[in-house]
Amino acid sequence: MADDPEDLPHFNLFSEEFSRCPQAVYREMRAACPVTRAAITESLVLSRYEDVAWALRHPEIFSSAMDLQVALGTERPMIPQQIDPPAQTRYRKLLDPHFSRRKMEALIPSIRANANALIDTFIDAGECEFDEAFAIPLPCTAFLDLLGLPQEDLALFLELKDGIIRPQKAQPDLDFEGAQRVRVESGRRIYRYFERIIEERLREKTPREDLLSSILSAEIDGEKLISTEILDICFLLLLAGLDTVTATLGCNIAYLAANPDQRRRILEHPELLPGAVEELMRWETPVTAVPRLVKREVEVGGTVIAEGELVTLLIGAANTDESHFPEADRVDFERERNIHMAFGAGPHRCLGSHLARMELCAAMEEWHRRIPEYHIKSGETPRYSPGIREVLYLPLVWER
Amino acid sequence: MIALARVRVDAEKCVGHGRCYVLAPEVFEEDERGHCIVIEEDVSEALADEARKGERNCPEGAIRLER
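Residue numbers (this note's numbering), protein chains in the order written: chain A, 48 to 447; chain B, 10 to 76.
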């Protein structure tokens, strides 16, 4: 008989402790049973590689169209993440070419320049708090360049995306309702900001060469996008493109600061860096999980999951599953086969994955060129946020 | 040239991770959307190793080497 979903073991995926070192919990979850439950949200959790991969490839059962379930201050689904195929395919056909590896390469020189400009501001101090000084601003400057927005809007963007993702950052005393109010208000401001920019662009006689202008003039099957569609794309780019890279930079540098032998391998063999970025994406999996909504009853490993259930696909657990990664607990920059799903899998594969990979490589290359030897300030412990594993506090020191 | 293997990509499965054309640029390239195109369908020994890298690192299992 199939297990009763009510009796499943619970795991807390939202603690600071889990975020600091989730790999041991992942192992326990994979061993417990194929389907577990998350404490607090009570969503079901899939943690084995095979199950997570299967779910990601079957959006008709495990739907990503859940704008009503995930409260992020949006008024409509974000495009294309919160829309499933076949409608999603239409958007991906339009957007994918603008996020291809070839296109993203053009952004790399400015990313390197932005990284160096940031490093200039603190290198002589011999120390920095990595999140605030580097990991947060760098992806944001890249985002502004990509869309063709002025760098002067950096502070505004950081405020708006924090208003959605971490309302408690500016106001630590907020309760859930208070946080929700901040989200909705920040959402409105994001819509208004992009509405104004889009109107300005549409008035311009000669189109610019940036992403926003490309999306404005692009056509799918002879039709242009309408302005709400463009707004819903911009909203997603803002929410998906900033924190994820911030968290990954933090996780990577925190790992390398704590593991000097691995760091020196990269310094001595710079050609290992792309492999190191892939392996750290696998091991750290900063975006630990993605949510899905079950559209029709389905059985996973003997557990029947009912229609309407919320399911957490624990990508971090899948990425450390021995059945797909031999010696999964060993961080190996030369791993011969690395089929991690840190950027998801199936039709919702991260639209920005090519940009993210190149941005991470460029940023880490510049960092290590300028600051090859660094470590965590003695007596201090890095602090990881629950949810997306941003290293909120990462005090680093180096020889001046 | 004696072909050792034939490289096949299942376009239905490919979603554009791009691992293949990064790891084995002599065998694979990207189309406009960043999905995989096979440049060298029939590969001899040296390229077969490259092709295998692409095959083994495709998260979607979209690449096959036929002998």
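Please note that a few of the clues may not be correct.
Restricting the straight-line Cα-Cα distance to at most 27 Å, the calculated cross-link-like pairs of lysine-lysine (DSS-like) are [stated by the list, open to error]:
id : chain 1 : residue 1 : chain 2 : residue 2
1  : A       : Lys424    : A       : Lys252
2  : A       : Lys271    : A       : Lys150
3  : A       : Lys140    : A       : Lys271
4  : A       : Lys150    : B       : Lys62
5  : B       : Lys62     : A       : Lys342
6  : B       : Lys22     : B       : Lys62
7  : A       : Lys252    : A       : Lys271
8  : B       : Lys22     : A       : Lys150
9  : A       : Lys140    : A       : Lys342
10 : A       : Lys150    : A       : Lys252
11 : A       : Lys150    : A       : Lys140
12 : A       : Lys140    : B       : Lys22
Keep in mind the hints are simulated off the structure, nothing from the lab.
Right, here's what the structure says about each hint:
Distance restraint check for Lys424(A) and Lys252(A): the Cα-Cα separation of roughly 53 Å exceeds the 27 Å cut-off, and the hinted pair is therefore not satisfied. Simply put, Lys271(A) and Lys150(A) have alpha-carbon atoms about 21 Å apart, close enough for the 27 Å limit, and the pair holds. Proposed proximity of Lys140(A) and Lys271(A) is supported: the alpha carbons are some 13 Å apart, at most 27 Å. Among the hinted pairs, Lys150(A) with Lys62(B) is consistent with the structure: their alpha-carbon atoms are about 24 Å apart, no more than 27 Å.
The straight-line distance between the Cα atoms of Lys62(B) and Lys342(A) is roughly 36 Å, outside the 27 Å bound, and the hint therefore fails. Between Lys22(B) and Lys62(B) the CA atoms are separated by roughly 18 Å; this keeps the pair inside 27 Å, and the hint holds. In summary, the hint linking Lys252(A) to Lys271(A) is supported, as the alpha carbons are separated by about 17 Å, within the 27 Å threshold. For a cut-off of 27 Å, the pair hint linking Lys22(B) to Lys150(A) stands: about 23 Å separates their Cα positions.
At roughly 25 Å between alpha-carbon atoms, Lys140(A) and Lys342(A) fall within 27 Å of each other, so this suggested pair holds. At most 27 Å may separate the alpha-carbon atoms for a hinted pair to count; Lys150(A) and Lys252(A) meet this at roughly 24 Å. Proximity of Lys150(A) to Lys140(A) is assessed by CA-CA distance (about 15 Å); at most 27 Å being required, the pair is judged to hold. With a CA separation close to 15 Å, the supplied pair Lys140(A) and Lys22(B) stays within the 27 Å bound.
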